[in-house]
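Student: As a plain string of letters, each chain reads:
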Amino acid sequence: MEVIYQAFLALMAPNVLLVVLLASVFGLFVGAIPGLTATMAVALLVPVTFFMEPLPAIAAIVSASAMAIFAGDIPSVLLRIPGTPASAAYTDAAYRLTLRGKAELVLGVCVVTSAVGGLVGALFLMFFAPAVARFALNISSYEYFWFVCLGLTSAAFISPGSPVKGAISLLLGLLIAMIGVFPVTGQPRFTFGSTALYGGVGLVATLIGMFAIAEILRYAMSREPLPSMAKLKIGNIFKGLMPELWRYRSGFANGIIVGTGTGPLPGAGADIAAWISYALARRFSRNRKEFDDGSLEGIVAAGAANNASVSSSYVPATVLGIPGDSMTAIVIGVLFMKGLTPGPTIFQTQPTLIYGIFLSFILANLLMIPLGYLAIKLSRYILDAPRSYLMPIIMIFCVVGAFAMDNTLTAVVTMLVFGVVGWFMEENGFPIAPALLGIVLGRLLEETFLTSMIKAQGDFLQFFARPIAGTVGVITILIWISPLLVMLWKRMASKRALA
Amino acid sequence: MKVSDIVLGPIIVALGVIALIASSMQPRPIFGGGYGGGFFPAIVGIGLVGTGLILSWNGWRERAAVPLVAFESWIHSRRHLANVAVVIAALLFYILTSSWLGFIIAGFISLFVTMLQFTRAPLASFIVSVATIAVVKVTFQDMMLVPLPWGLLEAYAGVLTWR
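These protein sequence lines are chains A and B, in that order.
First residue of the first sequence: 37, per the numbering used here; consecutive thereafter.
First residue of the second sequence: 9, per the numbering used here; consecutive thereafter.
Isolated chain A (complex conformation) (with noise of 0.2 Å):
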């Protein structure tokens, strides 16, 4: 309890709050405006927390996460588009009860369910990390490898699409990963001659690169204007509010349950978490027709679901320093480029910190009422802000927040040729999401295998000696192999069938 007072000080320090303040008004404003993702503003935010002492810098991203989610929602109520992907699974039924004249219910639906979503996905966090903290400070880099193998097949056959070219998206980034020196010899490796490759090539440009400058060319594409806003005036949005939360209170349960479970999961996002709660919701909806002509009941559940499981996905990226998703891959970069390295060690070198991120959490979700019911009032004037000034503005920030992560004009070409490798990606239906977790864990990958064979001498049998790395290892290669196994089944199937 003294830690969680220590870091509760912490987080209340005058420039920590406006901070969070601040990073929350940023999140909220990039996650209402279409087209403009959580990650970005994530990815955006991050050459400013560079110059931050370790806790701003997260709690911030941590904010400008949590209200980019929920402010995904108001778009989707008000313009029938997700203001982010976590929001597209409940988007249509948002709207048709919008044309019902069922906005501000709608909208004080999605507030309160995000907030609450988020306040349990922090509880289960900061109770359920250091447990799994203690277990994980007896595992060892034969663990640790396969832990990192399955986090990354996880991500290549989770995303979206076909799974070869998930797969092909993560080869690629471990590839990228690869580019530097190689820390076993010194010696440079695929770095073209350049000494500016020989730190690898700088992430936080690859990723400005790949979720800002690429959606800034693919808004200079898009010939589909935004349709125009509903037609009302919003009024108070909790009115009436209790007593249909209240109606749908199981799936709410079912939601916040569904996304703090599916959050630690590596490879499930926000919108899977969204996506699965809102199919269970209708599957056990008592009334299938009402539940397909638009209400309440699937907003409930995967409302809070997609904020619960943003704040859940921190446990394998604090515990074990594995990320699930872009997001949490950029916060582990961040905490790589403090000094910090997130393990179970941090619970004991930095507790304050990381019970401060904990608590960032709590702090995010309750200011996401007042401040998500401004930006609700607002909504008129955000969405309506134009986006033809805004995104060449987004673009100088790009080149300047690249620019100053290794003062080098490196970064900003870095950052242009990811811009449209992540563009050409996309449009070809390649998922970004693998190609991020193998940049940031191809070292990481390829460290714990190398200390690991060392310390075998060379025996590969050694990998599945111990009964987690055994346990874990034989659940990533089933993984592997599965897509054969279903081709097999389905041959002997059909085989079967015609006999």
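Where hints are given, some of them may not hold.
Said to hold, decoys possible - Listed next, the in silico DMTMM-like pairs over lysine to aspartate or glutamate satisfying Cα-Cα at most 25 Å (straight line):
id: 1; chain 1: B; residue 1: 10; chain 2: A; residue 2: 463
id: 2; chain 1: A; residue 1: 275; chain 2: A; residue 2: 326
id: 3; chain 1: A; residue 1: 374; chain 2: A; residue 2: 89
id: 4; chain 1: A; residue 1: 531; chain 2: B; residue 2: 70
id: 5; chain 1: A; residue 1: 413; chain 2: A; residue 2: 326
id: 6; chain 1: A; residue 1: 269; chain 2: A; residue 2: 463
id: 7; chain 1: A; residue 1: 526; chain 2: B; residue 2: 70
id: 8; chain 1: B; residue 1: 10; chain 2: A; residue 2: 462
id: 9; chain 1: A; residue 1: 374; chain 2: B; residue 2: 70
id: 10; chain 1: B; residue 1: 10; chain 2: A; residue 2: 260
id: 11; chain 1: A; residue 1: 138; chain 2: A; residue 2: 128
id: 12; chain 1: A; residue 1: 325; chain 2: A; residue 2: 128
Claimed, not checked - Partial chain B-side listing against chain A, Cβ under 8 Å, derived:
id: 13; residue: 88
id: 14; residue: 136
id: 15; residue: 140
Claimed, not checked - Anything over 10 Å on all C-beta distances counts as not near chain A; from chain B, calculated:
id: 16; residue: 14
id: 17; residue: 49
id: 18; residue: 72
id: 19; residue: 76
id: 20; residue: 100
id: 21; residue: 131
id: 22; residue: 155
id: 23; residue: 163
id: 24; residue: 170
Hint data in this document are derived by calculation from the structure and do not stem from the laboratory.
The beta-carbon is built from N, C-alpha and C at its ideal position, and this holds for glycine as well.
Chain A is already provided as a structure; the job is to place chain B on it using the hints.
Tutor: Relative to the frame of chain A, chain B by itself:
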């Protein structure tokens, strides 16, 4: 721009082969079980060759239904083609000239030209660009001490610095 898997597959295979060749050139260390800098990239290379072949096979099966390269409607609109060209050209212009012109001039030109292309409103674009460059300069260069290049304005650095 959607490129058929039948084209992308061989490109991925070629990338995998290049990774394999490049990793074979890495020296093997005498300690650590002999696993050198080429070991992991070789695995990635094999993976790329394998997945590239699967992608090619998928493309081959769908060859009748999917064109080799398909462009969306923006390719037929001069305005949208120009939008894309201006974004990339503005970034290249900044990369090539910022050391010489400095952030304030190169950044302003890149921003103004892009905004003008998007909005077609010269005065508003000019005012917003000046204000944005001023805000970026003060926050990044003066407050966060990012050494943005001065270029031609180096002689006026003292006057232009707010601190």
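Student: Below or equal to 25 Å on CA atoms is what counts here, so check residue 374 (chain A) against residue 70 (chain B).
Tutor: Not satisfied, since the Cα-Cα distance of roughly 48 Å exceeds 25 Å.
Student: Please confirm whether residue 72 (chain B) is truly not at the interface, meaning its C-beta sits more than 10 Å away from all C-beta atoms of chain A.
Tutor: holds, 19 Å
Student: Would the hint linking residue 325 (chain A) and residue 128 (chain A) be met if the CA-CA limit is 25 Å?
Tutor: holds, 15 Å
Student: Please settle this one: residue 131 (chain B) was flagged as non-interface, so is its CB more than 10 Å from every CB on chain A?
Tutor: holds, 13 Å
Student: If I take the minimum Cβ distance from residue 49 (chain B) to any residue of chain A, is it greater than 10 Å?
Tutor: Not fine: 5 Å to the nearest Cβ puts residue 49 (chain B) too close to chain A.
Student: Are the Cα atoms of residue 138 (chain A) and residue 128 (chain A) separated by 25 Å or less?
Tutor: holds, 14 Å
Student: Taking the closest pair, is the beta carbon of residue 170 (chain B) still more than 10 Å from chain A?
Tutor: At roughly 16 Å from the nearest Cβ of chain A, residue 170 (chain B) sits farther out than 10 Å, so the non-interface label holds.
Student: A cut-off of 10 Å on Cβ-Cβ distance, and residue 14 (chain B) was said to be off the interface with chain A. Does that hold?
Tutor: The claim holds: residue 14 (chain B) sits with its nearest Cβ about 12 Å from chain A, beyond 10 Å.
Student: Mind checking the CB of residue 88 (chain B) against every CB in chain A and telling me if the closest is under 8 Å?
Tutor: This interface hint holds because 5 Å falls under the 8 Å limit.
Student: Is the Cβ of residue 100 (chain B) more than 10 Å away from each Cβ in chain A?
Tutor: violated, 7 Å
Student: Assess, step by step, whether the Cα of residue 269 (chain A) is no farther than 25 Å from the Cα of residue 463 (chain A), and give holds or violated.
Tutor: Measuring from Cα to Cα gives roughly 37 Å; hence the hint is violated.
Student: Just want to verify: residue 155 (chain B) was marked as not at the interface with chain A; is every Cβ pair farther apart than 10 Å?
Tutor: violated, 5 Å
In summary, the structure is inconsistent with hints 5, 6, 9, 17, 20 and 22 from the numbered list given earlier, while agreeing with the others.
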